[in-house]
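A.B. asks: The letter at position 36 of the sequence shown is residue 36 when you use UniProt numbering, and the numbering goes up by one with no holes.
Treat the hints with caution; some may be incorrect.
The following label-pair restraints were derived from C-beta to C-beta distances [said to hold, decoys possible]: (1) K107 / Q74: 56 to 64 Å; (2) G63 / N18: 46 to 54 Å; (3) P79 / E25: 56 to 64 Å; (4) A103 / S75: 47 to 55 Å.
What the hints contain is simulated information worked out from the structure, not anything from laboratory work.
Where is the CB? At the ideal position from N, CA and C, for every residue including glycine.
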Amino acid sequence: ASPRNLTQCALESHADGNQKLFPCEVCGRCFAADVLERHGPICKKLFNKKRKPFNSLKQRLQGTDIPTVIKPPQSKVQPVRKSNWRQQHEDFINAIRSAKECALAIKEGRPLPPPPPPTINP
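Please put together the full structure from these sequences, using the hints given.
C.D. replies: Take a look at the structure:
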């Protein structure tokens, strides 16, 4: 028990005037000696248990005709496709270069250069 609880118990015992109060070792609440003997084992048992989380959905549905909420089936996770931005960038640069060569060849009256090789789209 903390010092605050001891002083609080002392104040409460003076308010009653006839009984001396003692703090519980587990929760720190003040009780008379005979009551503390009954409270001790109960308090220890309660503090050893973990509280399960409150399910508000179950509480809300209680009393309605809806037994449970039907969850939508989870969609299959599609594998993340690897990005090939570097290859796309190089293809784009090559296309621009060949277009400039074609424009220059047309302007100068030369024969057109061969087209760039086709790229495979994965």
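A.B. asks: Each of the hints needs a verdict: does it hold here or not?
C.D. replies: Going down the list of hints, with the structure as the test:
1. About 59 Å separates the C-beta atoms of K107 and Q74, a value consistent with the hinted range of 56 to 64 Å.
2. At roughly 49 Å, the beta carbons of G63 and N18 sit within the given window of 46 to 54 Å.
3. Distance hint check for P79 and E25: the Cβ-Cβ separation is about 58 Å, which falls inside the suggested range of 56 to 64 Å.
4. Taking 47 to 55 Å as the suggested C-beta distance range, the pair A103 and S75 conforms, at roughly 48 Å.
Of the hints listed earlier, there is not a single one the structure fails to meet.
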